[in-house]
Each structure stands twice: as structure tokens, then as C-alpha cells.
Amino acid sequence: MAIPISYNIRNLKLRKGLTIMTALGIALTVTTAVFLMALLAGLQKAFVSSGDPLNVLVMRKGSTAELSGGFDAALFGTLKTLPGIAADSKGEPIASGEWVVVAVLPRKDRTGEVNVSVRGLMPAGLTLRPKAKLIEGRWFTTGQREVVVGKSIHNRFSGTQVGDTLDFAKGQWKVVGVFDSGGTAYDSEIWGDLNQIAADFDRQGGLGSAYLRATDAVAADALKNRVSDDQRLKLEGHLETEYYEKQTSSGGPIKFIGIFVAIIMAVGSSFAAMNTMYAAVAYRSREIATLRVIGFSRPSILTSFVLEALLLSLLGAVVGIVLMLPFNGMSTGVGNQVTFSETVFSLQMTWSVVLTAIIFALVMGLLGGFAPAWHAARQEILAALRG
Amino acid sequence: MTLTRFVTKSAFRNKRRSILTVLSITFSLVLLTLMMTVWHSWYVDKGSTESAQRLITRHRVSLTQSLPEYYREKMRTVPGVVAVAPTQWFGGLYKDEKPENFFAQFGTDPNEIFKIATDFKIPEDQLAAWQKDQAGAVVDSELAKKFGWKIGDRIIIKGTIFPVNLELNIRGIFTAPQPTITVYFNLKYLQEAVSFFKGHAGTFNILADSPDDVPKVAAGIDALFRNSPEPTKTESEKAFQLSFINSIGNVKAFILSICMAVVFATLLVSANTMAMSIRERTREVAVLKTLGFTRQSILGLYVSEAVTVALVGGILGCLLAVGFIEAIKHAPAMGFFFLGMKVTWSTYVLAIVISGMVGLVSAIFPAYHAAKIGIVEGLRHIG
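These protein sequences, in sequence, are chains D and R. Position one of the first sequence corresponds to residue 1 (the working numbering), numbered consecutively onward. Position one of the second sequence corresponds to residue 1001 (the working numbering), numbered consecutively onward.
It is possible that part of the hints are untrue.
To be verified - Distance condition first, Cα-Cα at most 16 Å in a straight line; then the derived EDC-like pairs of lysine to aspartate or glutamate:
(1) R:Lys1198 - D:Asp202
(2) D:Lys61 - D:Asp230
(3) D:Lys61 - D:Asp72
(4) R:Lys1158 - R:Glu1097
(5) R:Lys1289 - R:Asp1212
(6) R:Lys1238 - R:Asp1212
(7) D:Lys170 - R:Glu1230
(8) D:Lys80 - D:Asp230
(9) R:Lys1342 - R:Asp1045
(10) D:Lys246 - R:Glu1097
(11) D:Lys246 - R:Asp1096
(12) R:Lys1046 - R:Glu1230
Unchecked claim - Here are some of the chain R residues that sit facing chain D, going by a computed Cβ distance under 8 Å:
(13) Val1061
(14) Phe1103
(15) Thr1160
(16) Thr1273
What the hints assert, rightly or not - Partner residues are not named here, just some residues of chain R that face chain D (Cβ under 8 Å, in silico):
(17) Leu1031
(18) Tyr1071
(19) Leu1224
(20) Asn1227
Source of the hints: derived by calculation from the structure; they are not laboratory data. Glycine included, each C-beta is placed from N, C-alpha and C at the ideal position.
In isolation and in its complexed conformation, chain D is listed as follows (with noise of 0.2 Å):
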């Protein structure tokens, strides 16, 4: 017969001292780990979500970043001509020749100067990019010294209100309009027209990458391939998602930091846990005694200490949890060490986080609480009777 599980809950309340710190630092633990997991979440969504699934992505042979690309501006012509290409109301092909280059802006709190990416787009760039959505003033105009700056960009750097100038490259550009593509790496970035940005940065001549958007996701393999696979071109197409997904090692450091911190405070919590539940066998090996006396079964002895203990932990990961909350959706950046420059992303606590913060504080409170139960289970009735 099984202990009823009441009987843990009130002996945890009797010695609240103890479970409170035990669980609490339990919950530090919890809450690290759940701070490293919702970065990393929040990074990968950030690169994940850029991608389209319609939109191939073509650089020059070899190059894994459009940011160390370059080509010669001809070979779009032929690019646009490919089959497969969706077209636009006009029945022009939706293609888009592209610069991505770096300019150093000023933190808004003047910690220090930030490389952000800048990308120079033709207009059907924005047609194939149907995420990112104006949300104050206007697109820029071709052929004028105008930008429009990603929402992260426009939280995080001064000067970057609609009516401002930026100063970059060679000179300033007037700030038209914000807008937002849904916390993909875009939202980090200033986009202006192809060649007012590739002047500036001395690009004339020639693309460091082109957009082309399929008609359908099938076309869009195809679309990827025929670049490819055309010697005379030397170009490599790329479809934009897994182009985005292998960005997304720029958290390789992170997460690096995040699982070896995570398992070192774990190995700790779990010690601390062990100690109290020795502590707790101790102060009841009477009662164990009793237990047994009664009829109580050693299995059922050491499930009800088992179950004390995760009880104990689970307590810990909810206080854990719940300390994180505040932090949800906080933005930070990152430095992507694919395009030089910072991409910013929100601290997502998705599900998957929070259950997997759950089972990390179960496992602690599971390597922690098996041995004193065992030793409770493994008791001698008349000595700790008489104990």
C-alpha cells in the first residue's frame, strides 16, 4: 500500500525552514537554466522565422555570408530570366539584386558602438519580403539617400525616429520610415536603395546577392538547383531558410556557456538536496520505523521519500519559473558572426522551455532524494525504534 502523498506535503510544511531553502536554491538553478534556454529560443526563432520558404537566396560560388559575396552585376540579368520566377502585378519577374554591408551606430545607452547590418534593396526586395510590414511613415524612395530602419534597430539606436538622419559610410542618410517583419534577424537591420548604399560603400558594378521569389515551394527547389548547377553563371543558390537556420550557430557560444553552467549549478542543487533529505530521513527514523511496524512496505517507504523529494523540487522549479517571468520577452542581442553585426532577439520562455526547466528540477530532485530514500527504505525496525 502506498503512502499517502499528504503525508509528504505536511512534513515539508512542518520543516519550512528548511524546504524554503532547499527549494530556493533549487530555484536559482531552475531560473539560470530557464534564462539560458529562453535565449536560446528566443535566437533560434529569430533566425528560423527570416527565412520564406518561397525565397531563393543566390550568392556568388563558395561564399557562405551575402556579406562576403560579390558578383557581377550582369550575370541578374539572366538571373530574372530563370523559369520558376513569381511575377507582380505588372508581370515583371519578382527578383531583387542585393548589397549587405555594415555601419557602426552608437548604443542609445553609450555603451559602445554596435556593427549593424544595412541593406541595399531594389524595390521588388520589399515585394518579396511580404513579413516585414511599415509601421510608421514610408518605404524610401529610389534613388534618394533615404533608409528604413527594422523595429530592434529603432528601440535600440539613437537617431533612428522617422525625421532623423543616420550618419554612416559617406554621409547622412534621412531616416523615412520603421518597420517590422515579427522578430526575425530583418528587425536588425537599415535597408535603402541598392544604389545609393552600394555608391556609399564603393559596390558599384556588382551584387553580394540576389533575391529570387518562386511561385511555389517545389519551384523554388528547382529554382535553387538550376543556379547552381549552371557552370557559366559560378553562383550557388541557397533557399533563404536553411541559409537563416546555419545562422543560427552564431548562439554556439551561448548555448556552449549556458549547458556547462546549467549542469555545475545542477550537480550543486542536487548535493543540497540530497543533504536535506538525509536530514529529513534522519529526523523521522522513528517514524519510518513506525510506518513499517504498521504494515508500510520498504518499496512504498521509498517511493513516499522519492516522491518528498521531487515534491521538493517541483517546488523549486515553479518558485524558479516564476522568478523568470518578468524577464520574458526582454530583447538582447547577439553578435552573428555570419554577417558581422548584431542581430537582436527576445527571451522567449516557450512551453518546451518551461516543461524542460521542469524535468531538469525533477532530475536534480531525483538524484538528490534517491539515496536518503533508500536509506530510509533500508532501516532496521528495532534500532531506529529504539534510536
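Got chain D; can you put chain R on it based on the hints?
Below, chain R without anything else, positioned relative to chain D:
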């Protein structure tokens, strides 16, 4: 029985509990030591004296814009400049994209780079051989050991930024004070293979005649090119490296918050143990009092007991941290950020002092309560 012996005896009389507490504190202190080491080497350490004499110039707009190579001769006119060499990040792939095969490749001038990297050592004949072979390269000794490279070997590096694959002959092996995971090759090779890159260089490495001259040299160089189409940004080698670390995000806040969490967690663990062990001994306190021990001395006994346990944890934590640092340095892909990291004496001392403080603070409350208890009440206590 002396008082010290009494303290150590009581600290470890419940062996299992003491060991668990010590281990718990140990692991927390490992983290704390690691974080402090990282902090120290990134934000406190000024670098070697050789490094403090070096500067790096890049394009004002960003690292990805290149500079005209003729800037090099102009820079020599700035007072305090001893030597200048162009460097270009090649960013190529060796074998595959796996992080363990990652290393840095720089195109540079074989005739001047070792005059700037004064703390790098290379045999004269090897340097001369490199200078003669335009497709030659010199490699870091650690890197040569890792890949089993020998002089005369040929390595192929696939270009990603540049549309060319480098076929390099290893002509020399250099040793640096800290592993650099770097291969240097002749910039001319790259410039001749890639037409658009002719006459360009990504950055310039500069040697100033003394560390004190570094700010003056930096200002002098930037002033020289301020109004040109390609303005420059010159900073010390250390500042240049830090700008990469800062690009990971707000690292300072990150490290600080982890440290806080760790210290607080240690405090909880230690306080928990002390509360448990002191409560068990309520009757014993009463006995001590009847023997004539004052409140203060009882308080002192318990506090020193907690400090002893915490210190043991702290010392073990420091020792374990050294092992961890070595392991991280050799982790693929991460090594680059942690090159040359070492636990300094000040970090050891700080970590141990913190662990001692944690023990002290954790014991004060329970010990105070125990010391306050009345003798009769204490003797009657059933624990």
C-alpha cells in the same frame, strides 16, 4: 582538546552531511572561479607588455570594408610608429566546416609581421624560407601539432570570402606566448589571385615605440585619414580583441548575474546545513553553557565551524576550476575566446575569501539563536 580541534571535530562529525555540503559549495565555487577568471582576462588584464605596444587599424565604417594598401607608407610618417604590416582575414575552410577544423588565416607581409609580433619566435632560416616563397606560410606550433603538419607540407584552404583556394607550403613554425591558432601567408599571393583585391588590405598591425605612445599613435593615424574617402579607426590590440567579445552580447551583465546567482545559492546551501546541525545540538549548547562557555564563545565556535566547511569547499572549487579551464581551452570552436586564460592569484584569493564570507554569513543567524537559548530550556530540548 583545543578549541580548533573542537571546531574541526564538530564540523565533520556528521560526515555525510559535511561532505555533501562541501561538494555543493565546491561546485558553486568552480563556477564562480571560472566566471571571475573570464572577467579578469577580458576586462582587467592589460595584456603582455609586447601586446600593449601594438595597435590595429581598420576601416572606420566596419571591419568588413578594406583599406587601400598605400596607407601603410603614410602611417610610417606618424611619430611613434616603428613598424606597420597589412593583414587580411581570409576566413577560409580547412577540410570542412567542422568547428574543430577552424583556425585563423591571415595574409600579411612576411618581411615585417615578425618585427611587430615581437613576442612570436621563429627560427631565422624558416623565416627566410617563407620570405622567398610567395605561396609559403608559417603556422602556429600548437596548430602544427594538432594537425600533424611539418615543414614542407602543403595545405589547401578553401576560400569563402574570396573566390580562390589557397595552396600553401608550410615554410616555418612559430611559437607564440599563448596559442594563437593562426596561419600567416603572403598577402601578395591573395592579391594576385583575386583581381578586385589588388592594392587592398583589411587591417594594419602597427608597433609603437612604447606602450605610452599607443593613444598618441592611434589619434595620429586616424587624424591622417579623417577626411579621406576611407577613414580609419585605430585601437590597441586589446581593445580590438574586446570588440569581438562584446559582439557576443552584453557579456558583463551575463557574467555578473551568474556570479550573483551562484553566491546566493552557496549561501543558501551553507545556511541550510548550519541550521540543521546547530538545531540538532541545542542540548549540547546548554551543556557547554553549564561548563562556563559564554554566549560569545559559543557563537564564535559555530561560526568558525561554518567557515571551516565553506573554506574547504572553496579551496576544492578553486582546484577543480583550474582543470575546467584547461578543458574549455581545448573544446572545439570555443577555444578561440578562451585562449591564454589562466586563473590568477588574485582570483584564487577572492574566491576563497568569498567562500569564507559565505560560511560566516550563513552561520550567524542559527548560531545566534543557539547561543541565546536558556540553559534549562536547552537541556529539556528533544532533538
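Quiz item: Tell me, which hint numbers fail for this structure?
Solution: The structure breaks hints 5, 12, 14, 18, 19, 20; every other hint is satisfied.
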